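Take the given structure of chain A and dock chain B to it, following the hints.
Those sequence lines, one after another, are chains A and B. For the record, in the first sequence the residue sitting at position 149 is 147 according to our numbering, with numbers rising by one throughout. For the record, in the second sequence the residue sitting at position 181 is 179 according to our numbering, with numbers rising by one throughout.
Think of the hints as simulated: they come from the structure by calculation, not from any bench. Quantities reported herein were computed from a predicted structural model and do not represent experimental measurements. Fair warning: there could be bad hints in the mix.
Identical copies go unnamed one by one, so any copy, or any two together, can satisfy a pair.
[To be verified] Straight-line Cα separation of at most 30 Å, DSS-like style, residue types lysine-lysine; simulated pairs:
#	residue 1	residue 2
1	101	325
2	397	21
3	348	21
4	42	381
5	386	348
6	142	48
7	325	42
8	261	286
9	345	21
10	101	42
11	137	101
12	168	197
13	104	48
14	21	286
15	21	168
16	343	21
17	17	397
18	17	348
19	42	104
20	386	21
Listed below, chain by chain, are the residues.
Number of protein chains: 2
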Amino acid sequence: MDPLRFHEGGKLETASRVKLRNKSHLSVAYTPGVAEVSRAISEKPELVKKFTVKSNTIAVVTDGSAVLGLGNIGPEAALPVMEGKCLLFKRFGDVDAFPICVKTQKPREIVKTVAEISPVFGGINLEDISAPRCFEIEKTLVKKLDIPVMHDDQHGTAVVTLAALFNALKLTDRDLETSSIVISGAGAAGIAVAEILLKAGARDVLLCDSRGILHPGREGNNPYKERIARKTNKNRVKGTLEDAVRGRDVFIGLSAPNILTEKMVSNMARDPIIFAMANPVPEIMPEKALRAGASVVATGRSDYPNQVNNVLAFPGIFRGALDSATKITDEIKISAAEALASCIKPKRRKIIPDVFDLRAHARVAEAVAKTAWETGSGEKPGKNYFRKVLTRLRRVAAKF
Amino acid sequence: MDPLRFHEGGKLETASRVKLRNKSHLSVAYTPGVAEVSRAISEKPELVKKFTVKSNTIAVVTDGSAVLGLGNIGPEAALPVMEGKCLLFKRFGDVDAFPICVKTQKPREIVKTVAEISPVFGGINLEDISAPRCFEIEKTLVKKLDIPVMHDDQHGTAVVTLAALFNALKLTDRDLETSSIVISGAGAAGIAVAEILLKAGARDVLLCDSRGILHPGREGNNPYKERIARKTNKNRVKGTLEDAVRGRDVFIGLSAPNILTEKMVSNMARDPIIFAMANPVPEIMPEKALRAGASVVATGRSDYPNQVNNVLAFPGIFRGALDSATKITDEIKISAAEALASCIKPKRRKIIPDVFDLRAHARVAEAVAKTAWETGSGEKPGKNYFRKVLTRLRRVAAKF
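One chain only, chain A, in its complex shape (with noise of 0.2 Å):
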């Protein structure tokens, strides 16, 4: 298949859900009609979720910054990701996206931006947005807006790292409190997994990023970096990579190609984790890690077994928040995790369920609107809602 052949004219069209056969239809679809929902709205603005796209609707929000590994393309490069992403949304959340490329880069003007086209959206979702920058744009709309807000490239990422290694821990007898992690890459997703390992348990986790081990206090360190690093570098620990390894259980990669060598993982503990996650060539290629004594590998390809994708995650967790959440929280975070990785019974080669399987992205709405519920911050999903999202997933399957 041509790549873009397949891309010509884009990927995503507007279709309608309701008849429009008539002027009876038009009618109501248009004037007079529709002008007693505008009404009914600017009484009680609330309707507006009811009864607009806003029920279902979010927006794939990119700078254009950090597109894939291609790097700062712009948003006019951005916009064939962008489209790919929405129709990820659909087809595995039955969530409608639409692709917001915006053409500045400054983080406050993104903001405003962005604030101001919210009234026609659900949620926000935040693309290939480049640290450090990402991270002030994405709180600042949390705050800003009452309605989900997420970076994909943290938490998308963080959540499906944290169910692949739920199940990783698993089949190698481990658990996460007593674990010892590295996480090579201190960028969006290094910083986001980092934070919620922490928050789900995990006591022994040390950064690296090129520079070797992140410490408090080291020169350069944006204040991102120094945040995380006085979190999970107490003792001030210096060194390499190399260094960082030595006796661990778990390596996490984010960073860049081939840096993790046979040897290094021979240093690592008995039976060690690696999730070499770099696009498209990973930190260890996977055949090198197990000749090397690995147990469990995960990478980010698909072709390879224990694919870690994202799209495992942000179909299903914008669903559950569109039907029940107004913030996407730590909690809901770890119980998405902890549902994706409990659909499957795990092996060293299956330790995440596959994309297709419409069950998880399900399973994963179920536990985000749970979540939000239990937590306060959203409201009681309805009886069998698991089925119901199945079913709506199932439909609109069948229209790809």
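Relative to chain A, chain B alone:
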């Protein structure tokens, strides 16, 4: 049909133009395949119009400041109307349209926000923005952006009114150059109709607003009223609407209910043309106008003959513009009106095509594309362009 129920859950959804049934589809629609498309666009920016939604998607932008007859109800309450508009774009133009309701009513901020999200869109339809702010916003965006921008309340109305007038003049053996015309209403639509009439060749046009005949130097004129007063009323005629209509051939109302009396109609020229388009209650009810001697009567209502309805113009205009034009010039608008008028053999009770007549929409698109090319503002439309558009519209209609 209960309007509220009809609108529940919103009227628009996202659909996919591509298949997503297996991992191989995924790897083309999203990573890694999509990277090739992004790379191509980053090397050759104009390819964004070929390989993304920009090829066929416009924004329907409002600030909710002048929605239908409801006034300044804000962005949320405006959303059902914008969604309805988006549906009409799809139904009658195969244009994918997405509602953008902005949370600010400052012209400069609206311009900035629209410009910032413009990478995704192939055109901008401004909607229900109050005068005189709408003039400045449109003018600035037209200048700033390299995609077509049109405020439909002005130009959609102007095109359909001109089309209807062409046929009404024909039926009453008049021509535009020698007819005397009075326009009641000097808001966005009234001024735009005056402008297009002058461009199309009319020489005697007088505008009235609630304070009577608009004349240069009148106290309280905003700059737009002053400008059009200078163009239309060089002799500085003063007086009431009653004075203005006396002896005139054509009355065009875009103003307020019941302001034109039978007596005023009977004081007009022989066989006068009355377009009473205030909504929902016209300047004069058609029965009355006919009783008073009107030869041809049109309104904005669907329950009377000769409904002057913008939906006859905007889908075809943007269809043609997306295919071939970068600006929607006066020449383009006039050619669209001519095309619309010539779609039917006019009769007194049918001076304008039916909204569901897809040929009319395709003719408008054709006129736009052809004129854009002939006047150097667009690409040459392909052979059989009309046929191709008509086929597209029929295919879309079948889905509604």
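Against the structure, test the hints numbered earlier, and report the numbers of the ones violated in rising order. none
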